[in-house]
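All chains should be built: construct the whole structure from the sequences, respecting the hints.
Going down the list, the protein sequences come from chains S and U. Per my numbering, the very first residue in the first sequence carries number 1; after that it's consecutive. Per my numbering, the very first residue in the second sequence carries number 1001; after that it's consecutive.
These are computed hints drawn from the structure, not numbers from a lab. As the structure is a prediction and not an experimental result, all values here were calculated from the model. Just so you know, not all the hints are guaranteed correct.
[Said to hold, decoys possible] Below, a list of computed lysine to aspartate or glutamate pairs in the EDC-like style, where the Cα atoms sit at most 20 Å apart:
1) 1103/U / 54/S
2) 1059/U / 1097/U
3) 95/S / 1097/U
4) 83/S / 59/S
5) 1051/U / 102/S
6) 57/S / 1015/U
7) 1036/U / 69/S
8) 1106/U / 38/S
9) 1103/U / 38/S
[Said to hold, decoys possible] Counterexamples of contact, computed for chain S against chain U with all Cβ distances above 10 Å:
10) 41
11) 43
12) 53
13) 60
14) 90
The beta-carbon is built from N, C-alpha and C at its ideal position, and this holds for glycine as well.
Here is what each chain is made of, one letter per residue.
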Amino acid sequence: DGGITQSPKYLFRKEGQNVTLSCEQNLNHDAMYWYRQDPGQGLRLIYYSQIVNDFQKGDIAEGYSVSREKKESFPLTVTSAQKNPTAFYLCASSKRMRSSYEQYFGPGTRLTVT
Amino acid sequence: GQQVMQIPQYQHVQEGEDFTTYCNSSTTLSNIQWYKQRPGGHPVFLIQLVKSGEVKKQKRLTFQFGEAKKNSSLHITATQTTDVGTYFCAGEQGGSEKLVFGKGTKLTVNP
Chain S
1 DGGITQSPKY LFRKEGQNVT LSCEQNLNHD AMYWYRQDPG QGLRLIYYSQ IVNDFQKGDI
61 AEGYSVSREK KESFPLTVTS AQKNPTAFYL CASSKRMRSS YEQYFGPGTR LTVT
Chain U
1001 GQQVMQIPQY QHVQEGEDFT TYCNSSTTLS NIQWYKQRPG GHPVFLIQLV KSGEVKKQKR
1061 LTFQFGEAKK NSSLHITATQ TTDVGTYFCA GEQGGSEKLV FGKGTKLTVN P
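As structure tokens, then:
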């Protein structure tokens, strides 16, 4: 079964703690993305990676960090510097980093920080 | 930077009524994609439009790309309860190869 997995589905953390969200794909896609979704805000790009060991900031990268050590994996760390971390986080991948390729999304992780 | 504006933000219809969501860009788009996100789910790709004036149909869904490639629409004929969800358009941001998503239109259907 090919696809993108994200874990966990729900995550609760105390303010001031870093937390890492997992994203794995077995689609052999080069490009991977992290989006944040808030009610009424659509999808906002946090980070993206076109290839292993390379990644770029998206529109709202402050307070987040990523790594891309393997083609299949693109974990996102939400640091304590992120002022408003409670949100729904979606990981996606596409065959290449080109707008003509459709993006495949994982099921998402809903993070709540109190 | 380029923005992709989508209206309306919410639409509530009676089952059987038609529904349309519109997507507008201030700059020419090389292509546009449409996604659907069911309540509690994740976005799923529906279709991509590339050519000026292109029209594509998927059963009761009709997608159009404007002649100037700055706007697009999704029209659903005779909505069903299975159509509920949020519909997003996404277009390329000025040669960057990055997709920019509209804020989406949330559709609810009253049975």
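A quick look at each hint next to the structure:
1. With a C-alpha separation of about 28 Å, the suggested pair residue 1103/U and residue 54/S falls outside the 20 Å cut-off, and the hint is violated.
2. Straight-line distance between C-alpha atoms of residue 1059/U and residue 1097/U comes to about 30 Å, which puts the hinted pair past the 20 Å bound.
3. At roughly 13 Å between alpha-carbon atoms, residue 95/S and residue 1097/U fall within 20 Å of each other, so this suggested pair holds.
4. Taking the CA atoms of residue 83/S and residue 59/S, the gap is about 15 Å. The hint holds against a cut of 20 Å.
5. Of the pairs offered as hints, the one joining residue 1051/U and residue 102/S holds, with about 16 Å between alpha carbons and a cut-off of 20 Å not exceeded.
6. This hinted pair does not check out: residue 57/S and residue 1015/U have alpha carbons roughly 42 Å apart, beyond 20 Å.
7. For the suggested pair residue 1036/U and residue 69/S, the alpha carbons sit about 31 Å apart, so the restraint of at most 20 Å is broken.
8. For the given pair, residue 1106/U sits about 13 Å from residue 38/S by alpha-carbon distance, which is consistent with the 20 Å threshold.
9. Straight-line distance between C-alpha atoms of residue 1103/U and residue 38/S comes to about 10 Å, which keeps the hinted pair within the 20 Å bound.
10. Not every CB of chain U lies more than 10 Å from the CB of residue 41/S, the least distance being 6 Å, so the non-interface label is violated.
11. Against the 10 Å criterion, residue 43/S falls within the reach of chain U, whose nearest CB is about 4 Å from its own CB.
12. For residue 53/S, the requirement that its beta carbon stay farther than 10 Å from each beta carbon of chain U is met, with the minimum near 19 Å.
13. Distance check on residue 60/S: its Cβ is at least 12 Å (rounded) from any Cβ of chain U, clearing the 10 Å threshold; non-interface status holds.
14. Listed as a non-interface residue, residue 90/S fails to keep its Cβ farther than 10 Å from every Cβ of chain U; the least gap is roughly 6 Å.
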